[in-house]
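Chains as they are written, first to last, in our numbering: chain A, 21 to 533; chain B, 3 to 335; chain C, 9 to 323; chain D, 776 to 1058.
Derived from the structure by calculation, the hints contain no laboratory data. Keep in mind that the hints are not guaranteed to be accurate.
Simulated coverage check for chain C against chain A, where a stretch passes if three residues somewhere in it have a Cβ under 8 angstroms from a Cβ of chain A [claimed, not checked]:
| id | stretch |
| --- | --- |
| 1 | 41-47 |
| 2 | 93-104 |
| 3 | 266-277 |
| 4 | 283-295 |
Only a predicted model underlies this, so the values are computations on that prediction, with no experimental measurement involved. C-beta: ideal position from N, C-alpha, C; glycine also.
Single-letter residue listing:
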Amino acid sequence: MFRRTHWKTVFAAAIATSMASTAFAAGTLRYATVGEPPSLDQHVVTSDLSTTIAHHMFEGLYTFDASNSPVPLLAESDRLEDDGRTIVITLRQGVTFHNGTDMTSADVVASLKRWGEFGSRGSLLFSNVDSIEATGDHEVTLRLKQPFGPWKNLLAFINGGPAIYPASVMEGAGKEPIAPENYIGTGPYRFGEWQPNRHVELVRFDDYDSPEGEPNGYGGARKAEFDALRFIPVPDVGTRVSGLQAGDYDYAETIPGDLFDALDASPDVTTILNGGPIFGLVFLNSKEGPLKENFALRRAIQTAINKTPALQVAIGPEKLWRANGSFMPQGNVWYTESGAENFSKGDAAAARELAKEAGYNGEPIKFMVSTNYPFHYDTAIVYTKQLAQAGFNIDLQVYDWATLIKKRGEPDQWDLFFTHHGFVPDPILISVMNPTYPGWWTTPEKTELAEKFTASADPAERQKLWGELQALIYEQVPTMKTGDVYTYNIASPELKGLGEATLIWPHFWNVSK
Amino acid sequence: MTRPNTDASDLLLDMRGLTLGVATPDGILPVVQDLSLSLSTGETLGIVGESGCGKSLTSLAIMGLLEGTPVRVLAGEIFFRGRDLLRLSPRERRAIMGNEMSMIFQEPMTSLNPVYRIGDQIIEAIREHRPMSRRAARDRALELLTMVRIPDPAGRIDSFPHQLSGGQRQRVMIAMALAGSPRLLIADEPTTALDVTVQAQILKLIVELQKDTGMGVMLISHDLGVIAETCDRIAVMYRGRVVETAGARELFQDMRHPYTRGLLDSIPEADEDVDRLSAIPGRVPTLDETITGCAFHPRCARAGAGCDSDQPALTAFAPTHFARCHYPLEPDA
Amino acid sequence: MLGYALRRLLTLVPTLLAASLLVFLFVHLIPGDPAAVLLGDSATPEEIASLTRELGLDQPLYTQYLLWLGNVLQGDLGTSIFFRIPVTAVIADGAETSILLALMTMVWIVILGVPIGVVAASYRGTWVDQVTSGGAMLFASVPTFWLGLYLILIFSVTLGWLPSSGYPSIRDTGGLANLRYLLLPSFTLAAPNAALIIRLVRASMLDVQREDHVRTARAKGLAPWKVSVKHVFRNALIAVAAAFGFTFAALVSEAVVTETVFSLPGIGRLVVQSILRRDYPVIQGVILVIVVLYMVINLLVDLAYARLDPRVSLK
Amino acid sequence: MTAILTMGRIFRGRWLATAGLCWLILVALAAIFAPLVAPYDPLEFDPLVRLSPPSQEHLFGTDHFGRDSFSRSLYGARMAIVIGFGSVVVALVAGGLAGMISAYFTRLGHVIMRIVDVLMAFPALLLALVLMTLLERSVVNTVIVIGIVYATTTARILFGMTLKLKGEVFVDAATCSGAGHASILFRHILPNLVSPLLVQASFIFAFAQLQAAALDFLGLGLPPEVPSWGNMLSESRIYVTRASWLLLFPGALIILSVFSMNLVGDALRDSIDPRFRNDIKGV
C-alpha cells in the first residue's frame, strides 16, 4: 500500500516538476564552468575558477574597486604608524560568519597567520611581517620588518589570498586545503553543497552584513538576489556554448575567440569581456640547461618570435587580443613600455646571428606545452615554427597539464614551458617575480630591484621601479609574454546587473534574472 | 504412367507429375522431374535412392516445408485424400500439417528444439490442432510417450532433449508426429543417425504403430535393406526420377533397372556410409551437370545405343511393376 | 544456481586482486602530481612538495598499495584528493547518472535493436533487409562524439526540443522529468550498440531458421508467427544474451565519451576528469567498481544464458 | 592471380562491399601518394586564410591555423592506415600468440587466459585512457595501446579456434609423425587460421579507427600536431556552427572508411570456414 502511494507521489511530483521546471530555475543562477574547481579554500588554491565561486562566500579585509584600487571590505579603516612599519586595521562590526558567530580580530589573526605560513601568496607579505596580533576585539595590528608597499593589494587579492575564516576552522589547518564542511565565510552567499562532478551550489546568506556605498567593482554594497548560485562543470566548450544557447545555463565562461563575432551578434546571447586580460607566458629555465645564465641566447630566442601570428591563430578576432609588451594592460596604472620594444621582433636573421654569438650550436631546446589549454598549444606551435626558422632546434613536448606542472618543478626536464597568467592588480603578484616559481629567476639584478620595489610605499616610485623591472625582464628574459588576451564569457540576456565587463572574476551579487 | 490404383476411397496420397526446381545463379535446375507416386491407407511406401536423388525434397514438398529452401514446385499435383495440397491456402495447409499428415526427420539430435522440455514440445503439437486444456494435453502426451515405448514416460516428460539418447529422441519425434492421429506419416531417414540395434527397434515401432493405427507410411531411406524389411511397395529414385517401382517382393525377385541392382548389391555394412557404395562405379552427378538421355548411363555397365540421347519411358513389366530403362535386366533364372 | 553464483564470485577474488594491483600501478605510474593540480599554477615546487607530504603521497608505492588495499577490503575506497570527501560518495553520486544512462541506453538498444533485427531477418535478402542491415552497419561506423555533437546541434540548439547537456539529480528535482536530459545521450550511446544488436539478432535468427527443429515446428502446422516467436526468436535470444555482456563493456567505454560530450555528471566523465587531475583514489575506485560490475554482469549474463539454454550446465 | 580470383568470388554480387573495397583502395592510394597529391604542406599555417570555407584553392576549407584541410585529410589517410595496420599487427601477434599457445599448452594457457580475463575486465577505452596518460602521446603508443585492447579479444577467439583444431585428425597425424610443438602450432594449425584471422583483422582495423578517434577527442591519442582525422575533428569541435566543414569532412572520412572496412570484413566473414564464422563478432 505504502509503495503504491509512494509511486503515485513520485509520479505526480515528476509531472509537477516537468511543468514547473522554469519556476524551479528562476531563483538559481546556472553557471557553466570549465571544469570542476579544486578546493575552494582561497588561502592555498590559486585557480581562477575556484575564486570565481569562492569570492561569493569568502571575503578578505579588502577588495578592489572598478579601477583596481584596494577598498575596505571586512576592514573598516586602517592607519600606518612608525613610518609604515606598523599597520593597524580596524574591522567592521556586526559581521556574522555563516555559522552564526560574530567575526572578531581573533578570526582575522588566525586566518592571516595560516595564510602567511601556508598560503600561496602569503609569503609575499609575511616574509616581511614580524608579528600580527589582535589589539582589540575589532582591531588587528601588523608589525613589518620594513615598509612594504603592496600590502593592501596583497590583502585585497582574494585568489590564493587572505580570506577570513573563523578561528575555529583555522585551528590545525595546514597546507592541505580545508574540507567543504569548513567552508565558512562572511560573504553574501554561503556554501550549500558540492556534488562532485555535478555542481557546487551556494545559497543566499540571509544574515549577510553588506559593506556600504555604491557598488564599484567588487567594492560597495553587495546584495544576493538569487536564491542559489549553481556552478556546473561543463568541460567541453562546445557543450557550454550550445547549452547556453539552448537555455540550459544562464552563464558560461571561457568561450573560444573564434565564436565571438557570431555570439556577439546573436540576440539570444550577451557577451561579456573580461576587463583584465590574461596573458600567455613562456618561462625559460634559469636554473639548469643551455639557457642558464646565457642571457644572449635568451634574447636570441626572444628576437626570433613574432607574437602576432600566434595571437591570430590562437585567439582569432582582433578585438580579443593586443600584441602588448607591457605586463600590465594599457590604461592600468602599472602600464609601461619600458623594454617592450623587444616584445615581438620576429627577426629570424637577427636571432640566428644572436644565437651564434651566444654560442648556440643547435643543442635541442625542450619546450613543454599542454593541450588542456588550446591557446597554449596553438601558440606554441607557431613559436616552434618561428624558432625553427631561426635555426633553433626545438623539441616540442606535449603533455597534459598535470604532467606539465609536475615536470616543470624538475629543472633538468625542460628549457621552456608555456603557461598563462591571470590579470593581477599589482606586479608583485606576477609569477615571474616569485623566485621559487619554476624558472627560478634569481639573478642579483632582479633580487636587488625587487627588494627596492617591495620596500617602497610611494606609488610613483614603485611605478618607476616596475618600469626598470620590466626592462630587466626583456633583457634577461626569464619569461616571454605572448600578448594580452581578453577572454570573454557569455550570458543569457535575461541576466540583469552584469555590467559591461568582468573585473577579474565574474560576480553575481547585485545580479538578478 | 497410368495410375494403377483407382480406388479413391483408400487412396491417401496421389502425386502426379510433380516437378521441383532449385533456383541458382545459373537459372532454375530441376531436382525432381515428373514424379508420380501414390500411397493408400495402411500401405507402407518405401522410397530409396542415393543422397541427392530428390527423395527428401519430395517428402518436404508433400509436407509443405519447402518454404525457406531454394526449392520450388514447378509443376504437378499432390492429392491428399482427394484435395490438391498445392492449391490449398497456407492456413488450410497448416491445418493438415502435424494433424492428418505428419513427419519425422533424419536427425533426432537436432530436430527437437533444445530449449523446451520434450513434454512441452509434444503438448504444443497436440494443442495446435485439438483445443484442450494443458492438463489434458499433458495426459495425452504421456499416453503418446507410452505408445512409443519411452521408459518411464512420467519421469521423462519434463526432460530436455539433450538429456535423452538418440533413439529416445527419435521416439519423442514419433510421439510428436502421432499427436494429431495422422493418416499419413512421412519418415525421412528415421534411423540413419542411430545405432544399428536402435535402428531395428525404431523400424519395428513404426511398423507396429502403422498396424495399430492403420495410417499410411512413406518411408524414405538410402538403405534398401531398411526399406526391404518394412515396405509393401518400393520406388527407386535416381537423380529426380523414379527409375523403378514395384511391390517389395516383386522388386527383389525381378528387378529390372541396373541401378536397383546396384543398390541391392551394395547394401552396406550397417556402419558404412552411402558414399562408399562400391558396386556402382562413379558418383551421383551434381545438379549443374547436364546429362542427356538416361541420367544413369554414365555409371551404367549396360548402357548402349540411345542411352545417352533418349530419356527412357516408364515401362510396365507387371501390373504393379514399372521401370525406366532401355536395356532392362532379364528376370533371374 | 546460488551455489554456482557464490563459487563464481569467489573465483573472482584473485582476478580482482590482480586487477587492483594493476590499477594501482597504472594509476600511480602516471606522471604528474595531484598536489600540483590542486594548488594551481602559482604554486611553487616547495609548496607542492609539502602538500604531497601531507597527503601521504611521498610514501613508497607498496606501502600506499597495502594501505589502500587494506581499506578497500573494509569497504573504504579512500578519500578523493580533489574533493576531500570519501571516494564511495563521489562514485555513488556519479552512479545515478551512469546507471540511468545505461538503463535508458539498454531500452533504446532493445526497442531498436530487437525489432529491427527481427524484421531484417524476416525480410532476408529484400531491400528491407539491405536498408536495415546496411544502415545498422553505417551507424556502427560513426564516432560517438561526432554523432553527439550533431544531435545537440539539431535537437537542442536548432529545434530546442531537448536539453543539450547536464543532468540534475532526481534528488534535486524529485521526479522523472530529468530523464529528458538523458534522451539524447542515451540515443547517442545506443546507436552503435543497437546496430550491433540488430545485426546479431538478424544473424542468429537466420542461423536458427536453418536449424532442423524449426522445420519440426513448422511440420507441426504452427502458424509462421508462432514459429518465429516461440522457436526462432526464443533460440536466437541465446546468442543475443551472450552479446549483452560485450555490450556492457562497450557501453562503459563509450559512456566516457558520451558523458564528456553531453557534460553528464556520470562515472565515465568522472574518471576522465580524475585522470586529468591525478585524483588517484577516485581513478582507482572507479575502475575497481567498473571491473567488479563488469564481472558481476558477466556472471549475470552466464546465469541468464543458463536459463535460456538448458544445455548449458553451471559448474 | 589466384588472389584476384578469390577476391572476385568473395565480392561477386556484393556491390556495397565492392564499393567499400574501392573506397579503401582510394584511401590507401591517398596515403601512399599524399606528398604528391596534397596541394599544401599539411603543417604549414597561414593566419590570413584561417577558417575559410571550401573553395577551389582549399577543397575542404582551412582550419583555425589556416592549414589546408584537404591536404591534412590526405595525410590523415596515412594515419588511418598506420593506426589500422599497426593495431592489427599488435593485436594479432600478441593476442594470436597468447591464444594459440594457451590452447595448445593447457596448463600455461590457464595462467595466460586468466591474465587475459583480467585485462578484459577493464573496459577498452578506460584501459586505453590510463595507458595513454601513463605513456605519452605518440603514434607508436597509440598503436600499441589500441592493439593491446584488441589483443585480449583476439586471444579469446584464437584460443577457441585452436582448441577446435587441436582435436582434428591432421594434428594427431602431425603429432604421430613426430612434429615438434612449434611445427604443429605454426605449420599445421596456423595455416588453417589464416582466413579467420584476416576477417578478425579487418574488424580490428575498422574499430581501431573509432578508438583512435575517441582517444583523440579526449585529448589522449595521437600527438596533436599529427594530422589525423580524429585530431582534425577534436581540434574543430567548437566550430560545429562557425566552420562546419571542419567537422563534416573528417567525420565523413572516418565514417566512410570504417563503414567500408566493416563491409569488407562482413564479406570476408561469409567466405570463411563456417566453423569459425560465429567466433568473430565484428559488426
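Hints, verified against the model:
Check on the stretch 41-47 of chain C: 6 of its residues sit with their Cβ under 8 angstroms from a Cβ of chain A, so the three-residue criterion for coverage holds. Judged by the Cβ-Cβ criterion of 8 angstroms, the stretch 93-104 of chain C is covered by chain A as claimed, because 5 of its residues qualify and three suffice. Residues of the stretch 266-277 of chain C with a Cβ under 8 angstroms from some Cβ of chain A number 7, which satisfies the need for three, so the listed coverage holds. With a threshold of 8 angstroms between beta carbons, the proposed coverage of the stretch 283-295 of chain C by chain A holds, since 3 of its residues qualify and at least three are required.
The structure meets every hint from the earlier list without exception.
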